[in-house]
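2 protein chains.
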Amino acid sequence: MKNKILIELQKRLKPSRYQHTLGVCETAMQLAKIHGVDLEKAELAALLHDIAKHESDDKMLQAAKEMHFPLEEAYLETPNLLHGVMSAKIAKDEFGIDDEDILNSLIYHTAGRENMSLLEKIIYLADIAEPGRKFFSGIEEIRHAMSNNINRAMILALRSSMTYVMQQEKLLIKDTVKAYNSLIAEELQKGT
Amino acid sequence: MKNKILIELQKRLKPSRYQHTLGVCETAMQLAKIHGVDLEKAELAALLHDIAKHESDDKMLQAAKEMHFPLEEAYLETPNLLHGVMSAKIAKDEFGIDDEDILNSLIYHTAGRENMSLLEKIIYLADIAEPGRKFFSGIEEIRHAMSNNINRAMILALRSSMTYVMQQEKLLIKDTVKAYNSLIAEELQKGT
Numbered sequence: 002m003k004n005k006i007l008i009e010l011q012k013r014l015k016p017s018r019y020q021h022t023l024g025v026c027e028t029a030m031q032l033a034k035i036h037g038v039d040l041e042k043a044e045l046a047a048l049l050h051d052i053a054k055h056e057s058d059d060k061m062l063q064a065a066k067e068m069h070f071p072l073e074e075a076y077l078e079t080p081n082l083l084h085g086v087m088s089a090k091i092a093k094d095e096f097g098i099d100d101e102d103i104l105n106s107l108i109y110h111t112a113g114r115e116n117m118s119l120l121e122k123i124i125y126l127a128d129i130a131e132p133g134r135k136f137f138s139g140i141e142e143i144r145h146a147m148s149n150n151i152n153r154a155m156i157l158a159l160r161s162s163m164t165y166v167m168q169q170e171k172l173l174i175k176d177t178v179k180a181y182n183s184l185i186a187e188e189l190q191k192g193t
Numbered sequence: 002m003k004n005k006i007l008i009e010l011q012k013r014l015k016p017s018r019y020q021h022t023l024g025v026c027e028t029a030m031q032l033a034k035i036h037g038v039d040l041e042k043a044e045l046a047a048l049l050h051d052i053a054k055h056e057s058d059d060k061m062l063q064a065a066k067e068m069h070f071p072l073e074e075a076y077l078e079t080p081n082l083l084h085g086v087m088s089a090k091i092a093k094d095e096f097g098i099d100d101e102d103i104l105n106s107l108i109y110h111t112a113g114r115e116n117m118s119l120l121e122k123i124i125y126l127a128d129i130a131e132p133g134r135k136f137f138s139g140i141e142e143i144r145h146a147m148s149n150n151i152n153r154a155m156i157l158a159l160r161s162s163m164t165y166v167m168q169q170e171k172l173l174i175k176d177t178v179k180a181y182n183s184l185i186a187e188e189l190q191k192g193t
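Line order of the protein sequences matches chains A and B. First residue of the first sequence: 2, per this note's numbering; consecutive thereafter. First residue of the second sequence: 2, per this note's numbering; consecutive thereafter.
For the record, the hints were derived by calculation from the structure and aren't laboratory data. Careful, some of the hints might be misleading.
Identical copies look the same in the list; a pair holds intra-copy or inter-copy alike.
As the list claims (entries may be wrong) - Using 20 Å as the maximum straight-line C-alpha spacing, the simulated SDA-like pairs for lysine to any residue come out as follows: (1) Lys3 x Leu23; (2) Lys34 x Lys60; (3) Lys60 x Gln190; (4) Lys171 x Ala186; (5) Lys175 x Leu72; (6) Lys135 x Gly192; (7) Lys175 x Arg114; (8) Lys66 x Ile6; (9) Lys179 x Pro71; (10) Lys3 x Arg114; (11) Lys15 x Ser138; (12) Lys135 x Tyr165; (13) Lys179 x Val166; (14) Lys171 x Asn105; (15) Lys66 x Asp99; (16) Lys179 x Leu72; (17) Lys171 x Arg153; (18) Lys15 x Asn4; (19) Lys12 x Glu95; (20) Lys15 x Asn149; (21) Lys3 x Asp39; (22) Lys5 x Leu62; (23) Lys191 x Gln169.
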């Protein structure tokens, strides 16, 4: 299966995106080991997370509709944000993957969502902080936190993502805000 | 009416908050002139916006319940965020103000909301950018924009507020996100 996916990735992704995928795979496997997540699932999810990245806007919108994914305005404005949803569709249709946790970790690796599973968090973080990822303010803190406090790493990563979206004066995705708020609420509950 | 309010403010507010209120009043009147909003409404709203600022958390929560204001988690965590809601209640109960636009501009001056009226925007911005407000990164840009492009000033102010909330690792208020997104969506529509 892994070889079949690698061949497909080389066909569908430009070299820099292929390298990024290998970086996500490496980081996801490390995090899976640390946090006790099935290594094979982490590897499959990491390999497939961006497989649809270079598809057209129209195909992404179509895939999202077929997946019954709710299309809020941010997605209509920037359909490429749906590449994770389309990657999940490809994983299901072309590679026969039916594990819900793997599919969700593809679907939600761009925006996050409330109550993410460990695997979902691992793919979200590996995508943002793999070794080849271009430097941004805060990346070292995320890399440090993701090994020893994955919820803290998620808060930092979501905050960084939302700050970037607002700097670009783009729409915030509701799921991202919910993801951030649900983790902050969890931390507040621990503190009380 | 103005004198009666000023006397009450001096009783209820500490001197620095009283000075802030006069600054908000000055800025709100300037903005009301520029944007063609009733000066008397702007003055009343500015004077009363923080009248409940030093009330106890319990009183604020009680006032919010009586005003049927939806209490999401951020308000339960930091009840002082409800001081605008309680100020509206005081404006109604003690000063007989029943103008919905004035009351809404008190209620929403802290978090904002979708589809704010001009008066609501003026009070929100005057609160953030009155001359005595402590410097923060971006304040000069907001001061410049609020005179000639009030929606742009709101985007900058909401972004600055949400960035600050996330730096403090506090909960984001849904209305604030909706306020930001609705203004961005409006700008995007103009652009297309």
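Copy assignment of Lys3 with Leu23, given that the CA separation must stay at most 20 Å: Result: close within a single copy only, 12 Å intra versus 68 Å inter.
Alpha-carbon proximity context of Lys66 and Asp99, limit 20 Å: within (18 Å within a copy, 47 Å between copies)
Up to 20 Å CA-CA - Ser138 versus Lys15, copy category: So Lys15 and Ser138 fail the 20 Å test inside a copy (26 Å) and across (39 Å) alike.
Intra- versus inter-subunit Cα pairing at 20 Å for Lys34 with Lys60: So Lys34 and Lys60 fail the 20 Å test inside a copy (35 Å) and across (50 Å) alike.
Alpha-carbon proximity between Lys15 and Asn4, which holds within one copy, between copies, both or neither at 20 Å: within (18 Å within a copy, 70 Å between copies)
Homo-oligomer pair classification [Asn149, Lys15; C-alpha up to 20 Å]: Neither: 33 Å inside a chain and 45 Å across chains, both beyond 20 Å.
Identical-chain pair category, Lys179 with Val166, by Cα at 20 Å: both (15 Å within a copy, 15 Å between copies)
Same-copy or cross-copy closeness of Lys3 to Asp39 [CA-CA at most 20 Å]: within (15 Å within a copy, 68 Å between copies)
Copy assignment of Lys175 with Leu72, given that the CA separation must stay at most 20 Å: both (11 Å within a copy, 19 Å between copies)
Within, between, both or neither: Lys3, Arg114 at alpha-carbon 20 Å: For Lys3 and Arg114, neither the intra-copy (28 Å) nor the inter-copy (49 Å) Cα distance is at most 20 Å.
Intra- versus inter-copy proximity for Pro71 and Lys179 (alpha-carbon distance at most 20 Å): Both: 15 Å inside a copy, 17 Å across copies.
Alpha-carbon proximity between Lys179 and Leu72, which holds within one copy, between copies, both or neither at 20 Å: Both. Shortest intra-copy (16 Å) and inter-copy (16 Å) distances satisfy the 20 Å Cα cut-off.
Hints 2, 3, 6, 8, 10, 11, 14, 20 and 22 from the list above are not met by this structure, while the remaining hints are.
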